[in-house]
Amino acid sequence: MRMFHLLVLCLCILGGSIGCKKSDDGLKVYNIASTSEVKGMDPIYAGDLYSSEEVGRVYEGLLEYHYLKRPYILVPNLAQEMPQVSRDGLTYTFKIKKGVLFQDNECFQNSKGRELVAEDFVYSLKRLADPKLQSLGWWLLDGRIAGLNEWRDKHANLDVVNYDEVVEGIKTIDSHTVQFKLVKPYPQFLYALAMPFTFVVAKEAVEYYKKEFLNHPVGTGPFQLSVFTQSNTIVYFKNPTFRDKFFPSDVDFTLANSELSKDAGKKLPLVDKIVVNIMIESQPRWLVFQKGDLDYISIPKDNFDTAVTPNKELAPDLLAKGIRLEITPQLDVTYIAFNHDLPIFKNVRLRRALSLAYDVNKSNTLFYNDTALPAQSVVPPGIAGHIPNFVNGFRGPDIELAKKELQEAGYPDGKGLPEITYDITASTVSMQMADFFKARMAEVGVNIKVRTNSWPELENRIQNRTVMMWGIAWGADYPDAENFLQLLYGANKTPGPNGSGYSNPEFDLMYKEASVMQDSPERTAIYENMNKLIASEMPWIFGVHRQQFSLKQSWLKNFIPSDFTTGRCQYVNIDKSEKENLVKSKF
Amino acid sequence: MNIYIYIIRRLAYLIPVLLGVCLIIFLLFNVVAGDPTAVLLGKHPTAKQMAELRHELGIDKPMVYQYLDIVKSAFTFDFGRSWATKQQISSMLKRGALPSLTVSVPAFVLATILAISISLLVAYFRGKFIDKAVVFVCVMLMSISSLVYILFGQWALAYHLGVFEIAGYDEGFPNFIPYVLLPILIWVVISVGPDVRFYRTVMLDEIYQDYVRTARAKGVGEKMILFKHVLKNAMIPIVTFVIIRIPFLILGALLIESFFSIPGLGGITLKAINNNDFPVIKAMTVLSAVAYMVFSVVTDVVYTVVDPRVRLK
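These protein sequences, in sequence, are chains A and B. Each residue of the first sequence is one higher than the one before, starting from 1 at the first, in this note's numbering. Each residue of the second sequence is one higher than the one before, starting from 1 at the first, in this note's numbering.
I should point out that these hints are in silico values taken from the structure, not numbers from a laboratory. Nothing here was measured: the structure is a model prediction, and the numbers come from that model. For every residue, glycine included, the Cβ atom is placed at its ideal position computed from N, Cα and C. Treat the hints with care, since some could be wrong.
[Said to hold, decoys possible] Now the in silico label distances, taken between C-beta atoms and shown as ranges:
| # | chain 1 | residue 1 | chain 2 | residue 2 | range |
| --- | --- | --- | --- | --- | --- |
| 1 | B | V105 | A | P248 | 46 to 54 Å |
| 2 | B | I113 | A | Y208 | 48 to 56 Å |
| 3 | A | M82 | B | W155 | 46 to 54 Å |
| 4 | B | W155 | A | K312 | 22 to 30 Å |
| 5 | B | A51 | A | T306 | 49 to 57 Å |
| 6 | A | N157 | B | I8 | 43 to 51 Å |
| 7 | A | V85 | B | G172 | 48 to 56 Å |
| 8 | A | G147 | B | T46 | 17 to 25 Å |
| 9 | A | A315 | B | G20 | 52 to 60 Å |
| 10 | A | A315 | B | E171 | 35 to 43 Å |
| 11 | B | V105 | A | N447 | 49 to 57 Å |
| 12 | B | F227 | A | A315 | 56 to 64 Å |
| 13 | A | K312 | B | G172 | 39 to 47 Å |
[What the hints assert, rightly or not] Here's a subset of chain A near chain B, in silico, CB distances under 7 Å, partners left out:
| # | residue |
| --- | --- |
| 14 | G47 |
| 15 | P131 |
| 16 | L136 |
| 17 | M279 |
| 18 | I280 |
| 19 | E281 |
| 20 | P284 |
| 21 | V288 |
| 22 | W455 |
| 23 | N460 |
| 24 | Q463 |
| 25 | P495 |
Build out the structure end to end from the sequences listed, making use of the hints.
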């Protein structure tokens with residue numbers, strides 16, 4: 001009998017717990033999934049997509065990308081207006097908005113967030129340069145701001161970093177004006193100020209939470225962190241002290257999606273709560289989305305054929321649920337790199353031959369569900385420097401031409417060419433891609449040996465120059481072709497971003513010239529020439545520019561996919577009644 | 001020998017074992033792993049920044065000091081912060097252990113009870129249809145990849161039938177229960193096949209012993225023989241098999257936790273290896289070694305309880 005009572009008790013607890021999901025009491029909740037754990041919420045470590053997205057919910061910078069306009073343009077965020085730039089392009093003066101408050105937090109006096117002042121930007125940028133913190137965003141300011149490198153070097157060997165010491169290039173003019181002095185023209189500087197690395201933090205919070213600051217974000221942003229479990233759930237609520245910021249109304253809504261006009265001019269943020277579910281595996285993410293518990297997802301590779309028809313349209317069963325398909329080209333490029341330190345890869349004809357032997361179209365079909373755009377050169381579509389309709393004559397597949405080039409290179413039918421090691425990371429897709437590459441090269445008589453590595457192993461091999469060829473990709477840090485062209489600039493060789501070690505004096509000269517020019521037709525012309533030069537030189541085997549195929553529920557409003565997702569959650573809206581009706585009837 | 005002296009002596013062996021483990025960790029890190037700074041600094045490292053980071057991490061110190069640092073953290077259990085995430089390692093372990101245990105402990109207990117019960121049943125019906133059928137089912141269960149159970153369970157039981165949650169985790173009792181039911185069920189299904197086969201072999205080894213024949217000759221009933229005599233004598237291998245697996249329950253199960261979005265410790269070591277996150281690798285290796293040693297001692301002590309003939313020396 002006692003056993004029976006125990007059993008009944010257990011069943012009661014079980015039954016009760018199954019129905020114990022928390023309700024949201026009429027709040028507009030934006031439910032999303034993150035496909036990776038979030039390391040922390042300190043802006044200076046927001047070097048990956050996932051951390052920077054979370055950082056952007058709480059923190060803000062001087063500038064941001066306009067939510068609706070394309071190509072991407074920068075607009076003021078915490079700045080009152082775009083900066084005044086001196087004639088020599090070296091001094092940037094920003095007026096910052098008045099009345100902006102840090103979120104209420106116990107680190108402040110009486111737990112009330114204080115007003116943001118210009119000194120906060122000086123502190124935040126020094127923190128980015130602090131040698132003891134080893135931020136991931138130092139590269140943005142390294143060698144750019146007057147006196148900052150000297151300040152950093154001086155403190156590298158001291159026990160305590162003195163933030164009160166004045167740095168010539170970052171100073172306040174008054175309580176709401178901050179001025180930056182550069183050592184040489186840096187046209188990408190404004191992009192740097194829209195990146196999470198430079199977002200503003202409060203000194204009080206950093207000093208109060210010390211090393212735990214990364215788990216206690218205190219910003220000026222639209223959302224306030226409520227729950228942060230690194231590998232489970234992150235919950236935010238609308239920041240009650242957020243300033244008056246409104247949904248943009250400075251676009252022609254007849255040209256844009258008319259749905260967007262409904263929220264034009266409304267105070268941000270538009271949702272009350274954000275729930276980020278960490279879901280690393282694609283199957284549960286896909287099923288949870290189909291149940292209506294996630295508001296949007298990128299279509300997992302394995303579910304692509306279920307979601308999208310061969311005509312690249314949404315599958316009828318998903319359409320019936322009101323789900324919408326969004327296709328967005330990404331600012332990225334995939335490629336197979338050559339190690340240019342090796343004498344064999346200094347032979348341009350060999351590089352061309354291998355590129356011609358590689359079937360990029362088949363690779364697109366096999367590994368990207370035929371959704372990507374084959375890359376003709378290094379700069380992706382959507383930014384100045386990309387040449388529409390340009391066709392690279394050395395891109396495969398063209399086996400006959402590949403064989404001819406191989407012969408010209410001095411390796412007829414691959415004879416005399418040593419076995420080439422192709423390094424990859426140990427993932428299933430990488431291995432499949434490597435097998436495909438190996439088979440294509442075999443068609444022209446080139447022997448490939450595939451070697452798998454963990455990511456740190458591959459990185460170390462690249463650093464130590466013990467690689468021959470390897471597959472890799474690059475995503476834009478900001479929408480400027482310079483961010484892609486720098487991958488081939490001679491001075492950026494390893495450990496810099498030019499991992500392949502390519503060096504071409506003609507290219508380097510053009511890069512140097514363009515790197516100090518503001519955006520202009522002249523600079524675009526130089527970028528295009530560099531792009532063409534690279535296309536003929538084939539320092540890599542070009543892969544594809546990927547496109548993101550994502551699905552959104554019909555109740556999710558104003559959602560526009562972007563390459564720069566930081567802070568965009570404040571613009572989306574949820575139609576609660578539409579969601580309730582659809583979930584009841586269709587899900 | 002006094003049991004307490006035995007325990008103290010065995011635990012004292014931990015010191016040379018830990019020193020050896022530290023040496024292995026040190027060699028692996030310095031010989032195999034290579035320089036972690038390029039990975040840790042992200043997309044744009046510079047040679048100067050890499051050198052600065054090496055200094056901050058203490059990996060530019062002389063080798064002896066680096067080894068001593070490892071020894072110090074192994075004996076103080078102060079592993080510092082993760083290089084990759086900057087999180088306190090002790091907090092990471094605390095946060096992850098509970099979700100792992102909420103799945104692994106009930107699943108392990110259920111699977112063990114179920115497997116021992118089934119193996120007793122098949123021992124009773126040894127050589128008959130039920131025995132053969134159970135062995136067949138066990139081999140079948142073992143032959144199917146655990147991924148199949150997970151994918152099918154999520155799709156059929158959670159998504160289509162709606163009996164369970166698809167994925168996720170809610171902290172606190174009883175909030176977590178709906179999220180762990182399906183993972184537990186799948187864990188049990190995955191474990192029961194190999195467990196039954198092992199326990200069945202142990203039971204059958206015992207059932208052909210002389211004392212069983214004697215008991216039968218004396219007219220003792222078959223159930224009494226199984227439950228009172230066979231089970232008791234089979235306890236030594238069962239105890240070894242069960243107790244030595246207990247410390248690893250805290251580490252959870254990589255696939256199950258990953259697919260069900262349970263924020264446990266299942267993938268912590270693998271992630272650390274992928275990120276060259278040496279402090280986490282060090283912590284997990286040292287803790288696993290200590291747990292293994294401690295539970296070996298526990299196993300020995302439990303032997304004396306289940307079998308009074310065993311003497312500790």
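Inset, instruction - If any of the earlier hints don't hold here, list their numbers in rising order. - result: No hint contradicted; all consistent.
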